[in-house]
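Asks: In case you want the letters, here they are:
2 protein chains.
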Amino acid sequence: MERIVLTFLVALGFVPALVQQASAQADPLPSWNDGAAKKSIIEFVAKVREKGGPGFVPPMERIAVFDNDGTLWAEQPFYFQGLFVFDHVRALAPQRPEWKDKQPFKAVIENDMKTVAALGLHGLVELVIATHAGMTTEEFERTVKDWVATARHPKFNRPYTDLVFQPMLELLAFLRANDFKTFIVSGGGVEFVRTFSEKVYGIPPEQVVGSSIVTKFEVRDGRPVLVREPKLDFIDDGEGKPVGINKFIGRRPIAAFGNSDGDFQMLEWVTAGTGPRFGLIVHHDDGEREFAYDRASAAGKLDRGLDEAPKRGWTVVSMKKDWKRVFSFETK
Amino acid sequence: MERIVLTFLVALGFVPALVQQASAQADPLPSWNDGAAKKSIIEFVAKVREKGGPGFVPPMERIAVFDNDGTLWAEQPFYFQGLFVFDHVRALAPQRPEWKDKQPFKAVIENDMKTVAALGLHGLVELVIATHAGMTTEEFERTVKDWVATARHPKFNRPYTDLVFQPMLELLAFLRANDFKTFIVSGGGVEFVRTFSEKVYGIPPEQVVGSSIVTKFEVRDGRPVLVREPKLDFIDDGEGKPVGINKFIGRRPIAAFGNSDGDFQMLEWVTAGTGPRFGLIVHHDDGEREFAYDRASAAGKLDRGLDEAPKRGWTVVSMKKDWKRVFSFETK
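Residue numbers (numbering that gives the first Met the number 0), protein chains in the order written: chain C, 0 to 331; chain W, 0 to 331.
Read the hints as simulated data drawn from the structure, not as lab findings.
The model shown is predicted, which means the values in this text are computed figures rather than measured ones.
Hints should not be assumed to be uniformly reliable.
Pairs involving identical chains hold if they fit within one copy or between any two copies, as the list cannot separate such chains.
Dumping the calculated BS3-like pairs for lysine-lysine here, alpha-carbon to alpha-carbon at most 27 Å [said to hold, decoys possible]:
id : residue 1 : residue 2
1  : K230      : K101
2  : K154      : K319
3  : K230      : K215
4  : K300      : K113
5  : K105      : K46
6  : K323      : K300
7  : K99       : K180
8  : K323      : K154
9  : K50       : K215
10 : K144      : K38
11 : K230      : K154
12 : K105      : K320
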């Protein structure tokens, strides 16, 4: 009887994913090896869900925040948005002869990646400002979408959106099936990430927090548009992440996921709240399947986080040991 | 058979509100009188829902934005957040003797409401900045909650949160039952509105956009906090509203609801998009049940909107004629 009713409810689309999943007794995180990291996730979610238990959190307060670069998708040889901007600078260069002798444009045009990599996130933001000012938000969106659809990663020769981490996609789905609301909190440009977040991660634009430039309302030929100004609005990195979360989300999440020291204060602030808290750092230690880097990397430097994670009770994920698969396209 | 299954589904909690409602054939907007305004809302929602129809909008894109002051709750004799700040200035005055001779503090302390009212939204924001700087976001939240719990409106002698418009609560619920995601886009302070938006409107903090001041991350006695700085971050009013929507929500809503010229550009931008669009202005013409004001008001001035609404196809709601009840506490 129960099975018949359940089948009927499923057919009608009335059964949340979790019920279906519980009914099938499937592993919600099939790309995660059994071990301390996977166990800590499963136990945290169980605690938060347990009605009447000491760690129960009402669904409305189950907010989970994820860094993007290096946490949900790869970030080497450099932040993908950086590679997008570099391609854009090179494409525009013939119309902008003054860039030939001016840094950081010169380095980008000459493909001098050492100089370019040293720009860091802040230098990258400056470059974004310079190359896209004057565009409407709609023009910018089209430019990003065109690039995402055609550009290929130099190592994997695949679209950048293929380089999302399969175990993290499963984690996002697992949390959502347990009534978590998942947000991206990225150092990258909010308008860049929003162009693919829904399709790639199932995260709608309104659940993306990121760095931003100032936009201005204008009526052009009777049509209202928003124009990108050559002015920084907000850098959502480091101490900016808790600030951005407070500004955009307006309440303290109960779980935070990152991979670099740019995520440190986000994890610190999230896990300092009362009740059950969860902090997790993805450690890039798999040079074979992805890239191995941490303390000395230009993109995604992880130093303080690695030192302090144990005493702060944060889970450190070894991509090498904890993940069965890194990318969905792996065959083995 | 169908009825039995439906009853079973309802009992299990699996049936969305809309199905229950459709089954009961109830009026979703009982506090609205029949007329052009109510009809325009019902028809817009029906068009957007009609699968395969020319106006169908996928649920994820059904974003509706609401101004707060004067649209969802009253805003006379002055913006309620203004009255909160004035109370706060008066409470702090004994510790700040320098305010006695300094505008706008002097006017607030002496209850010179003419001078104070002339401050407008921008002057109010300056006052907010001055009075709450140095507080952590948690301290500010407690201060607002205490005020909301105890302060009383001068005309109605009720808590300010009683002065929400019953027809607008029904409209919010009706849209949500039809898979709209409802957002507040307020000229008021985002952290002020978020303290009560979930309880009063069913709108969670992460769906509130508003004016903001800069906050700074600090570790105080080993505890991470966010501190309010004496610096304006963003004014979410007029041309700022489409900018704020783009920044926080990241996609153009399909419906916008306002009451003043501070909402003009929001309605303009929202209704300029492709596909079905809906703009609505609440006109305060009921001096008996609420307040009658428009073109000359200090708070909630409505001039250009009143002139241009007809040619732009925006619905103008007469509170007097279109609303059976204004507040839930009315007995007749």
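Asks: Give me the numbers of the hints this structure contradicts, sorted from smallest to largest.
Replies: 5, 7, 9, 10, 11 and 12
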